[in-house]
Amino acid sequence: MQLSPFLGELVGTMILILLGDGVVANVVLKKTKGESSGWIVITTGWAFAVTMGVFVAKAFGSIDGHLNPAVTVAFAVATGDFSKMATYIPAQLIGAFL
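Under our numbering, think of the first position of the sequence shown as 243, with each following residue one higher.
I should point out that these hints are in silico values taken from the structure, not numbers from a laboratory. Computed from a predicted structure; not experimentally measured. Cβ atoms here follow ideal geometry from the backbone N, Cα and C, with glycine treated the same way. You may find that some hints are simply not true.
Stated by the list, open to error - Across the chosen pairs, the derived CB separations fall in these ranges: (1) Lys275 x Leu249: 17 to 27 Å; (2) Gly280 x Phe324: 36 to 46 Å; (3) Leu335 x Phe297: 16 to 26 Å; (4) Ala328 x Ala301: 35 to 45 Å; (5) Leu340 x Thr293: 11 to 21 Å; (6) Ala267 x Ser325: 34 to 44 Å; (7) Lys272 x Ser246: 37 to 47 Å.
Input sequences plus hints: build the corresponding full structure.
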């Protein structure tokens, strides 16, 4: 079953932000198991978050898995194909707020 690229970008971005912000909160907040773990835990967590975000975006129907409006704009400028911006950018912004 093929789901839409809009849904893929939305859910993929949501997973990216959920996992990425979650690892930062775990390291920074007091009385958590990851308190004061350091920057290496944060960077590893964000790397995992990006990987899972792209996997989820692809599973939900995204063709590219950009997950970030800056990446979408950069690809549009580099390739000259601006047709995906109207679909991807709103999905990424909504997904980041969910």
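Results of checking the hints against the structure:
The hinted range of 17 to 27 Å is not satisfied by Lys275 and Leu249, whose Cβ atoms lie roughly 33 Å apart. Checking the proposed 36 to 46 Å range against Gly280 and Phe324 shows it holds: the Cβ atoms sit about 41 Å from each other. At about 21 Å, the CB distance of Leu335 to Phe297 agrees with the hint of 16 to 26 Å. Between Ala328 and Ala301 the beta carbons are some 23 Å apart, a value that contradicts the proposed interval 35 to 45 Å.
For the pair Leu340 and Thr293, the supplied restraint of 11 to 21 Å holds, since their beta-carbon distance comes to about 19 Å. Separation of Ala267 from Ser325 is about 37 Å and conforms to the stated range, judged on CB atoms against 34 to 44 Å. Against the hinted window of 37 to 47 Å, the Cβ-Cβ separation of Lys272 and Ser246 comes to about 42 Å, which satisfies the hint.
Of the numbered hints stated above, those contradicted by the structure are hints 1, 4, listed in ascending order.
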